[in-house]
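Asker: The residues making up each chain are set out below.
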Amino acid sequence: MTGRTRFGPTALIGEALEGVGSKPSRLLITVLGTMVGIGALVLTIGLGQTAGGQLTAHFDSVAATHVEAAPTSVKGADGDGHASSALPRDAAARASALAGVDASVLLGEVPLGDSTVTAVPVHDPSSPTLTPPPVWAADGDLLGALDGRLAEGRFFDGGHQQRADRVAVLGKEAADKLGIHSLAGGPSVFIGSHAYSVIGILESVDTRRELQSAAIVPLAAAERDFPDLPPPGILALKIAVGATDLVSHQVPIALDSAEPQNITVAASPTTTALEGGVRNDLDAVFVLIGVITLLAGGLGIANVTLLGVSERTGEIGLRRALGATRPQIAAQFALESLITGALGGTIGAAVGVAVVVAVSAASGWTPVLDLALALGSTLLGGLVGLAAGAYPALKAARTEPADALRS
Amino acid sequence: MTTTAEVAPVIELRGVSRRFGSAQEGQPQGGPVTALSEVDLTIRPGDHLAITGSSGAGKSTMLNILGLLDRPSAGEYYFDGVATSSLRDRRRSALRGSSIGFVFQSFHLLPGRSVLGNVLLAFVYGSVPRSERLRRASEALDRVGLSHRLAFSPATLSGGERQRVAIARSVCGGAKVLLADEPTGNLDRVNADAILTLFDELNADGLTLVVITHDAAVAERARRRIGLADGKLTELGATP
Ligand SMILES: Nc1ncnc2c1ncn2[C@@H]1O[C@H](COP(=O)(O)OP(=O)(O)O)[C@@H](O)[C@H]1O
Ligand SMILES: [Mg+2]
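As you go down the protein sequences, you meet chains A and B in turn.
Be aware that the first sequence starts at 312, since it is given in the numbering used here, and climbs by one per residue.
Be aware that the second sequence starts at 1064, since it is given in the numbering used here, and climbs by one per residue.
If you are wondering where the hints come from, they were derived from the structure by calculation, not from laboratory data.
Any given hint might turn out to be false.
Stated by the list, open to error - Partial selection, computed: residues in chain B whose CB lies under 10 Å from chain A: (1) Asp1152; (2) Arg1153; (3) Ser1156; (4) Leu1158; (5) Phe1167; (6) Ser1169; (7) Gly1175; (8) Leu1184; (9) Ala1185; (10) Ser1233.
Predicted model only: the values in this text are computed from it and were never measured.
Virtual Cβ for every residue (Gly too), placed ideally from N, Cα, C.
Pulled out of the complex, with its shape left as it was, chain B reads as follows (with noise of 0.2 Å):
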């Protein structure tokens, strides 16, 4: 078995910085806040990482960089092998398209489509053939084990149930990195394990994942823990 050391890094931060306040962020209030500061930080593919820290410790700043939604405001940032800060907006906008997938803590499902209609807004600003989309999208909400609530409002789903749209959605475009900011914050205990065994499902067939969190028993089911305060990174360990 190789070491995942020797693979190229998926994610690559260097001495990557960010700042809010300054003078063109508009509206600073008492002062810039540095939400980052000089963080390295190597993802391989596969990896399964935490990353855990009290609020306002820098976790959602960090998120939003990784998934291309934020820039920098110092440093670089490798995605898959591209420096990702002299990208265009159209050019970041496809890469987040095709290779990150976001779940969120609040799902951030439409209410007016279907849950398949949901899923399949995965594909609107991609590449994927229009003939595979129903196959793939279908696919995917099996995977999560909601084939048979294809036609079903979001409205009348369980929190647990929108979350796992959510992660059909995210997944069904073929996504490198599935990026999650809290993703069990607003489910039960019950719902949450559902959710993480999920995870581990999809990371155990190679997605590598980033899960963002403040809860110590949700950080234990990764593989790599690392712990942000004040803006910087310290690892925490490792399960092997």
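Pulled out of the complex, with its shape left as it was, chain A reads as follows (with noise of 0.2 Å):
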């Protein structure tokens, strides 16, 4: 005899969108709370990735001073990188000559196998030993091509490396672990057999700072005691500022210029790491601001919401008597406030992508945006409404409909 309710989700959507429609101003307050904190988050992350990929760019091309060459590294078939050729010999005499290159260095780590590194010479195999800090070899101005600085002493020169003399430089953490704390008294390292002489000790480097807990030496020197030693892999440079172009176009080329694609130059690893970690922390900050503002324009939606319910509180009544249940109330409130903060989110994620793109335009800058940002603004500001909505929502649907008509 009585009708079935028939009030199905299309019916739903359609109240809660003229619910939603049916007070402009009040909807315009409303979606502003979501509108800014969303903005303000797709703002502050959008510009903290484009900043972040900027500054990255920024020390790439223009204040680069310290880079790195190396083989190419080429994927090989079984999906490991491989280098597709050396570096010759006498890459860092090549490079020094170049325009815009103040020093540069060849290093390679030298495998050590079983050999230890002592201070001493080991005649018992059975005392304990330490891992040995690594041995590395170089050849040409470390000091310059790294901002070295020596605690004491002095850096081994192309005369060591002419005669392939047995001197070693120690980084400062090698030299504290192999109880070297002076070069008083002209101590050695034994490198496996041979005792090499303690001419420096180094305070630090500014780049490739494993350096500091290694032991250094001529590359001449390692090419004799060490038959397995590969070619080095790494030619670091220090280069003058703004050259970074001009330098990774010639220093393939001196290279190698039959083919210079095997050459690849690029910043040293240090600084892109240190540059990371401060985008980082300025990204955490940005998205923490834009968590607080959405915080805010939640409770803003929470609020207008709240006061919309007992502002409409004839209207619950009307739609009870109209045949409404609770659960159609409470679902037609909680669905417009996820409308509302959908809507909020939406503008302000495009807000906020409008301003990154203009601020970037500005800057001659690359906008660097994760769509999952902008689109997912939709969805978080809809859940940001959802919950805001939850309680007015359940409060419409409390309301008695006979209290609600009495007016």
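Two chains, two frames, some hints: make the complex.
Answerer: Written as structure tokens, this is what we have:
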């Protein structure tokens, strides 16, 4: 006899949309909260990503004074990276002859195998040994190329290289580990069975900081003492400010004129890693600001929706008189709140993206934006709206129709 | 001609009481109030009933119970033969939406919607097919003499016109019973008369009417008059 209720999703959405649109001035105020919150979120993250991207590019192209050349690594069929060619033995000399290159050093790690590195000759093989410090072979101006400083002594030079002298410079940490605190008394390190005279202790290096825990020896000596030594794979360069483009172009030709594409020039890894750390910190602050603004926006929606529920008591009573159930009333108010939030999120994202693009255009940057962020804004706004509308919707559903229609 | 007594009642109250301010009502302001006290009432299809009484006599409480907007504290209310006290909210809402029309003193039109939009609201929670809704809403508005005002906003209408929109909304869904709480309370004499004439016409077409009023002139238009005082009913008379 009595009609089944047929208040389906279409009807619900229709009523919610009418409800949302019935008071444009109120809608504007309600939408504003989420809009500003999500707009700020998109803007801050977008600007963070864009600025971060520019920062890296900036370092790469203009301000970078430390770069490295290495054989281009090619993905082999087995998926591993393989160096397609080696750096020439005289790479350091060739590179330092180029305009824009202030200093260069050819570096390679010496494979130690079972050899130990100690400050005294090992007579008792059963005595406990620490992990030996790594040994690096170097040819060229290491202090100049890596902005290194000596704590004591001197660095080996061309003469040492020519004679393949067994001399070593210890990184500060390596010296501590080996118990060599000064050059007084002419200390030596024993690398395998060979004694190397320690002629210097390194205070610091600005890039390739791993050298601080290493023993550094002349490449020529390492080549003689360690037949397994592979050709050194790193040419570290100190270049003039603004010379990156020139150097990136010239160094590969100088090192491999036949196939310059076999040599890749990139910013020193230390520089980018440092930059990445700064960027992540900035991102976190940006996101936090956006989230706080968004929470404030959510509270705004909750407030206005609650106000709407008490203002629309008569409407709630009328809908109940027309056959609405309590869940249907709750659903309508929750959906209205959700739509408001989603609308705010969408507009906010659009505004945020527009500002990021405008700022980028004005600064000559390439805008970097996570597409998921822009698209997810609608969803996020909707979720904020839904959460904010939950209590008001419940309150609307609890309204007694008899009380609601009293006025 | 058959007498109404032979037709099954559409509304039947048996020993219905409604008390306010008991513990579960939450807000006892100066002790519990008995708004309705063991009321028995039978209303048959086609009746035109007026319930009168002074302010606070329990008239609105009575209408809320008849309209399934409120539940009796005691007794049983049969609507169309169905005992309603055991029905769940969902069933009561469906019954209310499909069979009972409401007209309020303050119209309760949604200001953001057109005249037609307000009438169409009657179908939102019901089962009238989408294809029929516009026709039935237009017919109802035609019937109350407002077919030239379909796209108007309620704010631009006079009080009498607003109440006619509300009446169109209450009858277009196929209600069996129309419950009106002080329907002319906000209207002048002329507009009130027009509404009462409309009620007479609707009643002549078979709609059961229950009009609550404190206005003797409005009560005179009904065929059966009931007085309510301190929650108790008295038959005041009937016009054959
Ligand atoms: N929700 C309620 N809570 C407490 N008391 C109420 C409530 N509704 C009505 N009453 C009381 O019940 C009595 C009848 O009220 P009502 O039915 O509105 O009278 P009328 O419509 O005849 O003026 C009054 O004393 C009123 O204060
Ligand atoms: Mg009243």
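Asker: Taking the numbered hints from earlier one at a time, note which ones the structure violates and give those numbers from smallest to largest.
Answerer: Violated hints: none; all satisfied.
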